[in-house]
Amino acid sequence: MAKITYVSHDGTERTVEAKNGESVMEAAIKNSIPGIDADCGGACACATCHVYVDDAFMDKVGTQEEMEKSMLDFAENVKANSRLSCQIKISDALDGLRVTTPESQH
Amino acid sequence: MDLSGAEKIVIAGAGQAAAQAAQSLRQGGYAGELIIVGEEPALPYQRPPLSKAYMKGEMDEERLYFKPAAWYQDNKIEVLLGTTATRIDRAARQLHLQHGAVLDYDALILATGSRPRALPCKGADLANVHDLRTLADVERIRPQMVSGRRIVIIGAGYIGLEAAAVARTMGLDVTVLEMAPRVLARVTSPVMSEFFTTEHTAKGVKILTNTALSHLEGQDGAVSAAVLADGSSLPADLILAGIGILPNEELAKDAGIACSNGILTDRDGRTSDPHVFAAGDCASRPLVHYGRAGRLESVHNAIEQGKLVAAAILGAPRPAEDCPWFWSDQYDLKLQIAGLSTGYDTIALRGDPGERKFAAFYLRNGTLIAVDAVNSPPEFLASKKMIMTGARIAPEMLSDTSISMKEIAAKAAA
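Residue numbers (the numbering used here), protein chains in the order written: chain A, 429 to 534; chain B, 9 to 422.
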């Protein structure tokens, strides 16, 4: 289990309890976090679950695989801490994770 | 018709479009009654994994569900499962359900989805002959997906080929029958058909094109063989039919709502009755980038129409309409499709099919209308944007891998 905090682009914070093995995207969808569309349901096919990962967790969320890298390359407003939330698996190590959602997923 | 004062909204159907419409209505501030009527016993769930990870047993059932049961309670959404809507009384604005229950509505959303086209031949009712559309279908098929068994898949569309990939990966003996001269004939170009044929053949799948099924033979009530039009016989332990889907439009049609291969809607998802909307596989909508109406069988379409319908009912601004897009996973191949290639006059190929990383771009009169991208997200994503802007672009430039897709998108003249 891990507590994940989703911060929207306007600063609104929502914290949810997420299960290990779930993705950060799935936890967002189950809890109706606005700003994460996840149109493909986690197949890494759409790049609509883009988030910015809090710097303190950047080395804990794992690294991007090739597919995610190139998907992000075409997302809007990509930053150094951008990730696709469907590719981040939740574990105890991510307890307290904060991610920020971009203004738009398109 | 202003429905922003609606107090009772009923959604017939409980798939992706229904779930999206319900969520968007609540997110948009709708506070009235909201009822979802679903035929299946399950809460709304994702369908794409049914022919992919879920079929293979790599995904828990829980992960298929869009939302947990508590979400519907928290959002005051009543979900009537295992319930069939039987009739719309448009004059009284009531939806009749089986067993005599009646729901009043101010707005009705038809998200009734689609059903597999049934095999039209003798033996289709034998045991171990399956469709692949619902969770219950997978529950029936999966125990039979045992290494060494012989599966014959009828139809080489995306569902058939995805199932073939899963079955082969699980060690079954797989044969795919296709009436057309090539696989995916209805949905893509010869170059893509050839690529997927090569991939499946290399994995040991037998693909028989130009091959029609005559009928199925059984032994003790279970299928034992597929008999072909030429009289030859293929022994089979199980059969999977993937020969297309039909829109569930009867509820609308019987109520006198305009239908033509789907329930006809305007851009907002409104049918010929201003109190009735349609979304998802069952709806035929204006395809704004293509200047015609059509029915799209895709996740993207279900989500987009769910949002459009919710906005229209709430009187909110119409959400932006994206380029149609689809995907298919087979083995370790990710196919991403943007746009609709029907009516192309030119194909540009980029990359090398031999390296399993390439894209086919489709143009009409110099305008990019679609792409099929295999393991090539940049080609998919750049094309999606270019199709939306009606980009005109030289095919030679698309084929030139020394120019990045970002540069091409920047150079493309809208």
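Source of the hints: derived by calculation from the structure; they are not laboratory data. Bear in mind the structure is a predicted one, so any value in this text is a computation, not a measurement. Positions of the beta carbon are idealized from the N, C-alpha and C atoms, including for glycine. Please note that the accuracy of each hint is not assured.
[Claimed, not checked] From the derived model, a few chain A residues whose C-beta atoms are all more than 12 Å from chain B:
| id | residue |
| --- | --- |
| 1 | Met429 |
| 2 | Ser451 |
| 3 | Ser498 |
| 4 | Ser519 |
[As the list claims (entries may be wrong)] With a straight-line cut-off of 20 Å between C-alpha atoms, the simulated PhoX-like cross-links for lysine-lysine are:
| id | chain 1 | residue 1 | chain 2 | residue 2 |
| --- | --- | --- | --- | --- |
| 5 | B | Lys365 | B | Lys414 |
| 6 | A | Lys458 | A | Lys517 |
| 7 | B | Lys393 | A | Lys497 |
| 8 | A | Lys447 | A | Lys431 |
| 9 | A | Lys458 | B | Lys84 |
| 10 | A | Lys497 | B | Lys414 |
| 11 | B | Lys211 | B | Lys342 |
| 12 | B | Lys342 | A | Lys497 |
| 13 | B | Lys393 | B | Lys414 |
| 14 | B | Lys16 | B | Lys84 |
| 15 | A | Lys431 | A | Lys488 |
| 16 | A | Lys458 | A | Lys447 |
| 17 | A | Lys497 | B | Lys365 |
| 18 | B | Lys414 | A | Lys507 |
| 19 | B | Lys60 | B | Lys211 |
| 20 | B | Lys393 | B | Lys60 |
| 21 | B | Lys419 | B | Lys64 |
| 22 | A | Lys497 | A | Lys458 |
Checked hints:
no.: 1; hint: Met429; result: 15 Å, holds
no.: 2; hint: Ser451; result: 9 Å, violated
no.: 3; hint: Ser498; result: 4 Å, violated
no.: 4; hint: Ser519; result: 16 Å, holds
no.: 5; hint: B:Lys365 to B:Lys414; result: 17 Å, holds
no.: 6; hint: A:Lys458 to A:Lys517; result: 15 Å, holds
no.: 7; hint: B:Lys393 to A:Lys497; result: 18 Å, holds
no.: 8; hint: A:Lys447 to A:Lys431; result: 9 Å, holds
no.: 9; hint: A:Lys458 to B:Lys84; result: 16 Å, holds
no.: 10; hint: A:Lys497 to B:Lys414; result: 14 Å, holds
no.: 11; hint: B:Lys211 to B:Lys342; result: 16 Å, holds
no.: 12; hint: B:Lys342 to A:Lys497; result: 15 Å, holds
no.: 13; hint: B:Lys393 to B:Lys414; result: 11 Å, holds
no.: 14; hint: B:Lys16 to B:Lys84; result: 12 Å, holds
no.: 15; hint: A:Lys431 to A:Lys488; result: 14 Å, holds
no.: 16; hint: A:Lys458 to A:Lys447; result: 11 Å, holds
no.: 17; hint: A:Lys497 to B:Lys365; result: 15 Å, holds
no.: 18; hint: B:Lys414 to A:Lys507; result: 17 Å, holds
no.: 19; hint: B:Lys60 to B:Lys211; result: 16 Å, holds
no.: 20; hint: B:Lys393 to B:Lys60; result: 27 Å, violated
no.: 21; hint: B:Lys419 to B:Lys64; result: 43 Å, violated
no.: 22; hint: A:Lys497 to A:Lys458; result: 25 Å, violated
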